[in-house]
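> Starting from the given sequences, assemble the full structure and let the hints guide the process.
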Amino acid sequence: MPSPRYWREVPSRFRLEAVRCRRCGKPSFPARTICPACRGTEFEQIGLTREGTVITSTVLHVAPDEFAMETPYAVAIVETPEGARLMAQLVDCEPSEVKPGLPVALEFRLIRQEGHGGILCYGHKAVPAGA
Amino acid sequence: MRDVAIVGVGMTRFGELWETSLRDLFVQAASDALHSARADHLEAVFIGNMSAGQFVGQEHLGPLLVDHLGMVGVAAGRVESACASGGLALRTAFVEVASGMSDLVMAAGVEKMTDTADVTEVLATASDQELEAYHGITFPGLYAMIARAHMEKHGTTEEDLSWVSVKNHRHGALNPKAQFPAEVTLEAVMRSSMVADPLRLLHCSPVSDGAAAVLLCPLDQAKQYTDRPVRIRASGLATGTMALADRKDIAVLDAVQRSAQRAFTMAGLTPADMHLAEVHDCFAIAEICCVEALGLVAPGTGKSAARTGETALGGRIPVNTSGGLKAKGHPVGATGIAQAIELVEQLRGEAGARQVRGARIGLAQNMGGSGASSVVHIFEGS
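Quick mapping for you: the protein sequence lines, in order, are chains A and B. Heads up: the first sequence begins at 1 in our numbering, then just goes up one per residue. Heads up: the second sequence begins at 1 in our numbering, then just goes up one per residue.
Just so you know, not all the hints are guaranteed correct.
Have a look at the derived ranges for each label pair, beta carbon to beta carbon [as the list claims (entries may be wrong)]:
(1) Arg23(A) - Gln54(B): 19 to 27 Å
(2) Gly309(B) - Gly25(A): 44 to 52 Å
(3) Asp273(B) - Glu107(A): 47 to 55 Å
(4) Thr157(B) - Leu120(A): 35 to 43 Å
(5) Pro271(B) - Gly47(A): 41 to 49 Å
(6) Ser99(B) - Ala31(A): 33 to 41 Å
(7) Glu183(B) - Gly47(A): 15 to 23 Å
(8) Pro11(A) - Glu152(B): 51 to 59 Å
(9) Gln261(B) - Thr41(A): 42 to 50 Å
A few chain A residues that don't get close to chain B, going by computed Cβ distances all over 12 Å [to be verified]:
(10) Arg15
(11) Thr41
(12) Ile46
(13) His61
(14) Ala63
(15) Ala68
(16) Cys93
(17) Ser96
(18) Pro103
(19) Gly117
(20) Val127
Honestly, the hints are just simulated from the structure, not real lab data. Yeah, the Cβ is synthetic: ideal placement off N, Cα and C, and Gly gets one too.
Below is the structure:
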């Protein structure tokens, strides 16, 4: 990922910045220009709460090269209290224990290292709530 | 719109074809299609290809491939919709002929996947790079999430998934073009190595090289090329959310539902009118979700269709008689065209040991990404 692209995504990756449609109330994460639910274009800025619930998940045993050292690792779709859904790795637990409905906290973590440039790319990972 | 028929077909064997380049794969399939229709000219070629730019560092496939076909000058271009690129090429060619723009058009698909080591990463570019691939998810991982959602909602089991692979390998064993023309046992599937829980290696389609091509012309000109044209009754194309997280119900492939509804409406037919279907079983769970979304089985009953034999050869609605992506192979851009070829052979009564008796009408469904794009075509024999 070239660095301008990584830099551009910082608001959503670092601060979980999202928007809520003023017309229909649907949250969009990351922010969008047009609401996917009602095509509204007026939004309120919101920040996602750093907690949520697992909707579905998997445990990866075969991974892309840059994540190969981390297998097996769990990845889940998490829904926040605002109703926004996002994908995140689920860490600090046995991957096999991740089940739908599991309450999680979203924590700021290192996600990956960018190719040969070596830029460290951060974002959020989920951990079981209270862990 | 004019009625459109397929009048010629050609495809390579699917597999790890180390000795054959992308351009030679295409030339082999395209030449066979031309010969089968005794055609010596083309007005246009649409090439379905997901990612030659990443797999072999080659873009601009239109001129390259018609050049190697010895047809410099012919209108040509590449169309892309990830693993549904072949289906999209067929639809593009269909529209070109139906509209009256051209009279003899080739829809082809080609993918050369074994020239690169980074296949998983290349395929992952069909997911949302910013929201999904960034976090280390893979395509088996996305479909594994769909599988777990389906298990949660419908009680689908790992054994249900495994029966899909057993059935498709049983079909593929009868297909000389298949990458794996061999049966597998239920035990072998359930013991194979875990890729993305609950999906094991034998629930996943393989990495493949291959090409396929079909020739289209107006139905009223078809007799110039063949005694047995197969009419394309309908084409339905639809999209769904790119990110899996944004689906209303992760266990439902809604783009597949929409593409099917459009195709059935255009044809004036229903799922019950189908005698067979080729569906996009990139992973075992995909076939289960697709037969439900297409309406070939009742919602929630897709899980048992392979085990009971409902979707097996000899069953009520045979699905993936070619062996499907699982056993036949999945050179991603070629898959949608290869599905159409299986339908043509079946509806002409030329499918040999795989023949569905009395087959006259069938559909092919080709899907991109985690189900964000889907193309359905309905075919009718003459």
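> Hints numbered earlier in the text: which of these fail when held up against the supplied structure?
As far as the earlier hints go, 1, 7, 8, 9, 13, 14, 15 and 17 are violated by this structure, in ascending order.
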